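> Residue strings, one per chain:
Protein chains: 2
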Amino acid sequence: MSVVPKTGEAHALPTEERRGVYRAIHERRDVRSQFLPDQIPDVALARLLNAAHHAPSVGFMQPWNFIVIHDRGVRAAVRDAFLRERVRAAALYDEPRRSQFLALKLEGILDAPLNLCVTCDPTRGGPHVLGRSAIPDTDVYSTCCAIQNFWLAARAEGIGVGWVSIVQAEELKRILEIPAPIIAVAYLCVGYVSHFSDTPDLERAGWRRRLSLAELVFADRWGRPETKLRAAFAALSGAP
Amino acid sequence: MSVVPKTGEAHALPTEERRGVYRAIHERRDVRSQFLPDQIPDVALARLLNAAHHAPSVGFMQPWNFIVIHDRGVRAAVRDAFLRERVRAAALYDEPRRSQFLALKLEGILDAPLNLCVTCDPTRGGPHVLGRSAIPDTDVYSTCCAIQNFWLAARAEGIGVGWVSIVQAEELKRILEIPAPIIAVAYLCVGYVSHFSDTPDLERAGWRRRLSLAELVFADRWGRPETKLRAAFAALSGAP
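Quick note, the sequences are listed as chains A and B, same order.
In case it helps, our numbering puts the first sequence at residues 1 to 240.
In case it helps, our numbering puts the second sequence at residues 1 to 240.
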């Protein structure tokens, strides 16, 4: 930041608070292995759900619901659905990728003290939601913003979140008795953790590397390199 | 927070940093009217894009690209596309809703010093992305998490973001020369602002009210009230 703030920066958060936002973003992890059994206090869970509820939504639609799952039977059924899909997914890979896939820990459904299903109701707000006429999927986009709010608030509280996507959405809906029009967007494992890893699990496991940001940014139209930002990208530091 | 942290809370961010995360979440707005002409410094824009790039992504797919748009001609073309869709959308409403819709300021495409298109490449990472076998749309879900990271980092920096969804995605793709398989997920207006409003524009305009969080949360299965959290929800305060 410049020493004398520009007019526009007058509404920036104070230094420590701004650092917190970047820390939550950079130190957030998709947690599968480090869950502790400690229960999450109701007041903390309420803060996380309230953070999710304050996400942006198309036409202020707020299409989300949150199913907080403590029940062990429900969770065991979800884990069975995960195991079935895992077998199906493994068959898509050739060796040695298949063995590498099967060796990865990809969920903490029974380890985490609670699970959370986040859904999207496409019918909420009636047939003509403001801002949704051109791109109907903006309801799901809004729901994903709510999930990311939850995830970052959780990181701020020292709570880990792991998103289990290796499960058929229709199976989730059957187990959780979710009605037909509703979309089961995410199934999350949530709990305090022994530690947050410095890097994503899949990067550390050698599954896939982080892409170069500079190569993902274009100028004015697709495919034109944004050379103006190269120096600024190169100067980024401190981000894990 | 309890005075003596529980084991699990050992990884919570310090108080000020945690407050920053919640402030960014609760004081973030979808900005249409308050943009200042000040250019965003390259280093600040690089931090925001890097925040987006550190979103979670299915199988560490990182399916996003970012088109930074300064060009006035490109932006004028996008605004024309917005205006066409706005007319089409207005026709969906009866009076007095139609007039109310047309009176709303719904974009800052030419007011903001820069625009940003965020896209999703469903082909990135090959045909079998880990964790995407059951729910192919998880690529777009990841991209939305990146958008929310960008939005919250921007709020921390005092930078406003407005998501323009009243535009046909195919028109955006034509204007920005985005190739066929790529999905144009979001078109954002970005800039410093004169102020952040206390409440969402659509709430203040009487278009739609904020829903009760308690009514959106279920226990174990769809439709079962989560009564256990009611007291904690009622005790939430300070959130605008």
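These are computed hints drawn from the structure, not numbers from a lab.
Computed from a prediction, not measured in an experiment: that's the story for all the values here.
Check each hint, because a few of them may be wrong.
Heads up, the list lumps identical chains together, so a pair's fine if it works in one copy or across two of them.
[Unchecked claim] The list that follows gives simulated cross-link-like pairs (lysine to any residue, SDA-like), each with its CA atoms no further than 25 Å apart:
1. Lys173 x Arg98
2. Lys228 x Asp80
3. Lys173 x Leu211
4. Lys228 x Arg204
5. Lys173 x Asn50
6. Lys228 x Asp198
7. Lys228 x Trp207
8. Lys105 x Thr15
> With reference to the structure, classify each hint as holding or not holding.
Against the structure, the hints come out as follows:
no.	hint	verdict
1	Lys173 x Arg98	neither (28 Å within a copy, 37 Å between copies)
2	Lys228 x Asp80	neither (50 Å within a copy, 27 Å between copies)
3	Lys173 x Leu211	between (34 Å within a copy, 23 Å between copies)
4	Lys228 x Arg204	neither (32 Å within a copy, 39 Å between copies)
5	Lys173 x Asn50	within (24 Å within a copy, 35 Å between copies)
6	Lys228 x Asp198	neither (30 Å within a copy, 35 Å between copies)
7	Lys228 x Trp207	neither (32 Å within a copy, 41 Å between copies)
8	Lys105 x Thr15	neither (37 Å within a copy, 32 Å between copies)
Hint compliance for this structure: hints 1, 2, 4, 6, 7 and 8 are not met, and every other hint is.
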